[in-house]
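Residue strings, one per chain:
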Amino acid sequence: MDNKSLTLPKTVDFILKLFIKNDTLSEWTGDLQEIFSFQVRERGLTKARIWYSFQILFILLSFFKTQSEWGFIMFKNYLKVALRNLRRQKIYSFINVVGLSVGMTVSILIFLLVRYERSYDTFHQKAATICRVADENYSTTAANLGQALKQEFPEVKHAARVVKLGGFLHNEKGFFNDTDMLCVDPEFFNMFSYPLITGNLPDSLDQPFQVLITQELATRLFGNNDPVGQTINYNDRFDFAVNGVLQNIPENTHIKFDMLVSMLTYKALLGPDLEHFLNRWGSHDFWTYIQLQDNIKPIQLEEKFPQFETQYKDLEKMDLFLQPVRNIHLSGNLRFEMETNTDVRNLYILSTIAFLILLIACFNFMNLATAQVTKRSKEVGLRKVVGSSRGQLIRQFFGESMVFALFALGVSLLLVKISLPAFNSFIQRNLEVDVFNDPGILAIFLGTAFFTGFVSGCYPALFLSSFQPMRILKGDKFGSKKSLIFRNVLVVFQFSITIFLIFCSLVVFNQLRFLKDKSFGNVENPIVNIFISDAQLRSNPRPLENELRKNALIINLTSSFNLPISIPTGNNVTWEGQTEEEKFMIRQTNVDYNFTDFYGIEIVKGRTFNKVFSTDRDLAVLINETAVRRIGWEDPIGKRINYGVNEGMVVIGVIKDFNHKPLYDEIEPLAISLIQDSGYFGGVNYISIKISADHIPKTLEFLEKTLKKFSSRFPLNYSFLDELIEARYQTERKMGRSITYMAIIAVFLACMGIFGLSLFTVEEKTKEIGIRKILGATASNIVFILSKEFVKWVVIGALLTFPIAWIVMNKWLQNFAYRTNIGFDAFALALALSIVVAFLAVSFQSIRAALGNPINAIRHE
Amino acid sequence: MKLLSRAEEIILLTILKLDNYAYGVNIREQIYRDTGDKWSFASIYKPLDKLNRKHYVQKIKSDPLPERGGKSRFYYKVTFEGKQALIRLYEAQQKIWSGVPDIKLEFDQ
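If you read the sequences in order, they're chains C and A. According to the numbering used here, the first sequence is numbered sequentially starting from 1. According to the numbering used here, the second sequence is numbered sequentially starting from 1.
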C-alpha cells in the first residue's frame with residue numbers, strides 16, 4: 001500500500017504550521033505514516049485515512065484543550081440543546097438558516113471578487129518595482145519619454161513602450177479580426193514575466209515582422225502544428241513570421257494580448273512618412289512602463305519630475321506621475337487605457353453593500369432569537385437556579401448562533417458553487433473557488449461565518465443571560481419595552497437599507513436611459529456599419545458604394561475612416577497667432593462628402609463639404625463648436641489650421657457638438673476632413689448604411705452578396721450603430737443590474753425577517769385578536785391593525801434614508817458630464833415598493849389569524 | 001513533590017525498556033504488548049511533552065532515515081531526574097501497598 005498520497009491539503013497544512021513548530025509536526029506525521037500501511041491493511045484505505053485525520057485531530061485537541069475538559073462536557077450539552085431547539089422550532093430555524101446563508105453567499109461572492117480584482121498583475125516577478133508613467137489624465141505619454149527618463153535618472157533600471165496594433169490576421173485556416181496585438185520595446189521582456197514555451201527571448205524579436213504568439217492563439221491559427229516558422233498575414237498587406245510561443249497569460253492582468261510584436265515591426269508598418277512617430281515629443285501615443293531599481297519608492301522618483309518637466313517644456317507640457325503596475329487595474333480610467341479598469345472605490349462600495357446585506361441577515365437572526373425569549377426564559381431561569389454563571393450562559397448562546405452560522409456556511413458553500421458560473425459570466429471574470437488549496441478562500445469563508453455567528457449571537461447572548469430567575473418563575477412577561485423597541489429599530493434598519501438599494505437602482509436606470517436617448521440614429525431607420533477589411537476596397541470603395549445604392553432597401557449611405565462614436569486619434573493643432581498655452585489636442589477623422597447629412601450633424605456656420613469646390617478634397621476641414629471656442633475665433637470661416645500631417649487646412653464650416661465620446665466626458669474638439677487615398681490615415685474603414693427597419697434580414701443578405709462580389713476573401717463584418725452605442729455603457733449597466741440584484745436580496749431578507757416576526761407577534765396577540773373578533777371586528781380590521789405597526793416602522797426607515805441616499809446618488813452622478821435629476825418619483829416608488837412588500841410579508845400571518853375561530857384563541861388559558 | 005501520573009510512569013518505564021531507541025511508534029507498540037491497550041498517539045505525545053518540559057526525558061533528533069523519506073525521527077531518553085522520579089514513585093508505591101490487609105484471599109474466592 002502506498003502512502004505517498006498522504007499529504008495534507010494545503011489549507012490544513014497552512015493552519016497547522018501557524019500553531020505548531022515544523023519539527024513537532026513532522027514528528028507526528030512521520031510516526032503516523034510509519035504505521036499507516038499497517039492501518040491500511042487493517043481497515044482499508046479510506047478508513048485508514050480517516051483514522052489518520054482523527055489521530056492528528058486528537059493530538060491537537062489534547063494539547064489545546066487541557067484546561068477545557070469540563071468545557072468539552074458542557075459543550076456536548078449545549079450542542080444537544082441547540083439541536084433540540086432547531087428541530088422543535090423548524091420554521092424559525094429554517095428562516096434563520098436560509099436568511100443567514102443567503103446573506104453569507106452574497107457577501108462571500110463579493111469578497112471573492114474584491115480579492116480577485118486586487119490580485120491583478122501580481123504574478124510578475126518584479127511587479128513591486130514596475131510602474132507606468134502617466135501624464136496628467138492620459139495613461140499614455142510621448143514616444144521619447146521612456147528613454148529620456150532612463151537616461152536622466154539612475155533610479156530607472158528599464159524602460160519600455162507598448163502600443164496596440166489594430167487590424168486583422170488571415171491564413172488558410174481563416175480570418176481573425178479579434179486578436180489583441182501589442183508592439184513592445186525589447187526591454188519589455190526584462191521587466192514583465194512572460195515565459196516562453198518555445199523560442200529564445202533575446203533573439204526572438206530582433207527582426208521586423210517576427211512575432212510571438214500565445215499558446216491559445218497558436219492553437220487557433222495553426223491547430224496542432226508547430227507554429228514556429230509559420231507565417232500569418234496581417235491586414236492583407238504584410239506577412240508575420242511566428243518566432244516563438246508564449247505561455248498563456250493569466251486573466252488577472254491589465255496587459256492582455258494574443259501576440260507580441262517588436263517596435264521594429266511597428267516602425268516598418270508606419271512607413272517612411274510616419275516613422276518619426278516613434279521619435280517625437282508632443283503626443284500621447286505610447287504606454288510607457290519603467291522598472292525602478294530595488295529599494296527605490298515611486299514617490300522618490302516622482303519628486304524629481306517637476307525639474308525634469310521644465311527641461312522639456314518647449315517640446316512637451318507634462319504633468320507626470322507614476323502608477324505602480326499592481327494598482328493600475330484599480331485606479332480607474334485615464335484616457336486611452338489598455339482595457340477598462342475598475343475603480344477601487346467601486347470595490348469599496350460593493351464590499352460595503354455586501355457587509356450591509358450580511359448585517360440584515362444577522363439582524364434577522366437577532367430578532368427571531370429575541371422573539372423566542374419567552375420560550376427560552378424558563379430554561380435560562382432553571383440553569384441559573386442550578387448554578388450556571390452568566391458567562392456560561394453567554395457562551396451557550398454564542399455557541400448556538402455559531403452552530404447556526406456554521407450550518408448556514410455549509411449551505412452557502414453549496415450556493416456559492418451553484419451560483420458561481422452565473423456570477424462569473426455577469427462580472428466577466430473567471431473566479432475559482434477551491435477551498436482546499438487556497439488558504440485565502442478558506443479564510444474568507446470561515447471569517448464570514450464567525451463574524452455572522454458573533455454578531456447575530458451578541459444580542460441574544462447578552463440579553464437572555466441577564467434574566468433574573470425570580471422574575472421568570474413568577475411568570476413575568478418578557479416582551480419588555482426595551483426589547484420591543486430594539487427589535488423595531490432592527491426592522492427599521494433593515495428596511496432602510498432595502499429602500500436605499502431600491503432607490504439607487506432606480507436612479508442608475510434613469511441615468512442610463514437618459515444616456516441612451518442622447519445619441520444617434522433612431523428606431524425607424526437603423527444604421528448598419530460595415531467594416532472594410534480588404535485593402536483594395538479600402539482605397540477604392542466607390543464601385544461597391546454605387547452597387548449598394550442601387551437597392552431600394554438602402555435609404556442612404558456614407559463612408560468614413562472612423563465611426564462618429566469613436567474617434568481615437570488626435571493631434572496637436574496649431575493656427576496663426578496661437579500661443580504656447582493655447583495649444584491643445586484635437587481629434588481628427590476623414591469622411592465622405594455626405595457624412596454630416598447622413599448623421600444629421602448640424603452645420604452651425606458656413607457649409608459642409610461639396611463636390612463643386614475642387615479644393616475641398618485636400619484642404620477643407622470642418623471643426624466643431626468646442627474647437628472654435630478653444631481657439632477663440634469670432635468667425636472661423638476661411639481661417640487656416642494645422643494638425644498632424646494636415647497643413648494649411650481651411651475651415652469651411654462649423655458643426656454642432658455631438659457626442660463622439662461616451663457621455664462621461666465633455667465633448668472634445670474635433671476636426672473632420674475628406675477621405676484621403678493613401679497614407680496611414682488613408683482609405684475608408686467603414687461604410688455606414690441607413691436601412692429601413694422592415695426587411696432587415698433581406699437587407700443584410702443583400703449586403704453580404706454585394707460585398708462578396710467585390711471582395712470574396714473577407715466575410716461581411718457589420719454591426720448596428722445603436723448596439724455599439726449601448727455597449728459603451730456596459731459598466732454602468734452592470735452596476736445597475738448588480739445593485740438591483742442586491743436590492744432584491746435585501747428585500748428578500750428583510751421580508752423573511754418580518755415574516756418571522758409577524759409569526760411571533762400574531763402568536764402573542766392571539767387572545768387580543770380573539771376578543772376583538774368577538775366584539776365585532778371584521779377580518780380586514782384585524783389585518784389592518786396587525787400590519788399597521790410594521791408599515792409605520794418601514795415609513796420611518798424610509799424617511800431616515802432619504803437624505804443619505806440623496807447625497808450618495810448625487811456624488812455618483814458627478815461622474816457624468818450629462819446627468820438626470822434625481823426626482824422625488826424615484827424615492828416615492830422605492831417607498832411604495834417597500835410598503836407593498838412589507839405588507840405582503842405580514843399579511844400571510846395576519847390573514848390566518850383574522851380568519852381563525854376566536855374561541856380557540858381564548859380557550860388556551 | 002507531586003508523583004508521576006500513571007501514564008507518565010508507564011511511558012518512562014517503556015522508554016527504559018526500549019533502551020534508547022524509543023520513539024512514538026515503538027513506545028505505543030510496547031505498551032500494547034505489555035498492557036493489551038491500544039493507546040492513541042495523543043495519549044502518548046501529551047505526557048511525553050509534559051515529561052520533556054519537566055526534564056525527565058530528553059528529546060534527540062536522529063539523522064535522516066530512508067524509511068522516513070529523508071526525514072528524521074525524534075528519540076526519547078530518560079534523564080537522571082526522570083529516573084529519580086521513577087524511584088520516588090516506586091518507593092511511594094511500596095509504602096502504600098505495605099500494611100494493606102492481604103487481598104489475595106479475596107481474589108481466590
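There's no promise every hint is true.
Listed below are the simulated EDC-like cross-link pairs for lysine to aspartate or glutamate, each with C-alpha atoms no more than 16 Å apart in a straight line [said to hold, decoys possible]:
1. A/K71 / C/E34
2. C/K157 / C/E117
3. A/K38 / C/E42
4. C/K21 / A/D49
5. C/K150 / C/E117
6. C/K256 / C/E117
7. A/K59 / C/D23
8. C/K267 / C/D294
9. C/K317 / C/E582
10. A/K59 / A/D19
11. A/K61 / C/E582
12. A/K71 / C/D23
Since the hints were derived computationally from the structure, they do not count as laboratory data. Because the structure is a prediction, the values reported are computed rather than measured.
Status of the hints after comparison with the structure:
Of the pairs offered as hints, the one joining A/K71 and C/E34 holds, with about 12 Å between alpha carbons and a cut-off of 16 Å not exceeded. As the CA atoms of C/K157 and C/E117 are separated by approximately 28 Å, the hinted pair breaks the 16 Å bound. The straight-line distance between the Cα atoms of A/K38 and C/E42 is roughly 14 Å, inside the 16 Å bound, and the hint therefore holds. Distance check on the hinted pair: C/K21 and A/D49 sit about 13 Å apart at the alpha-carbon level, within 16 Å; holds.
For the suggested pair C/K150 and C/E117, the alpha carbons sit about 31 Å apart, so the restraint of at most 16 Å is broken. With a C-alpha separation of about 15 Å, the suggested pair C/K256 and C/E117 falls inside the 16 Å cut-off, and the hint holds. A distance of roughly 12 Å separates the Cα atoms of A/K59 and C/D23; the hinted pair therefore holds under the 16 Å criterion. Using a Cα cut-off of 16 Å, the hinted pair C/K267 and C/D294 is violated, with the two alpha carbons roughly 32 Å apart.
This hinted pair checks out: C/K317 and C/E582 have alpha carbons roughly 11 Å apart, not beyond 16 Å. Distance check on the hinted pair: A/K59 and A/D19 sit about 14 Å apart at the alpha-carbon level, within 16 Å; holds. The suggested pairing of A/K61 with C/E582 is violated, with an alpha-carbon distance near 79 Å, which exceeds 16 Å. Straight-line distance between C-alpha atoms of A/K71 and C/D23 comes to about 10 Å, which keeps the hinted pair within the 16 Å bound.
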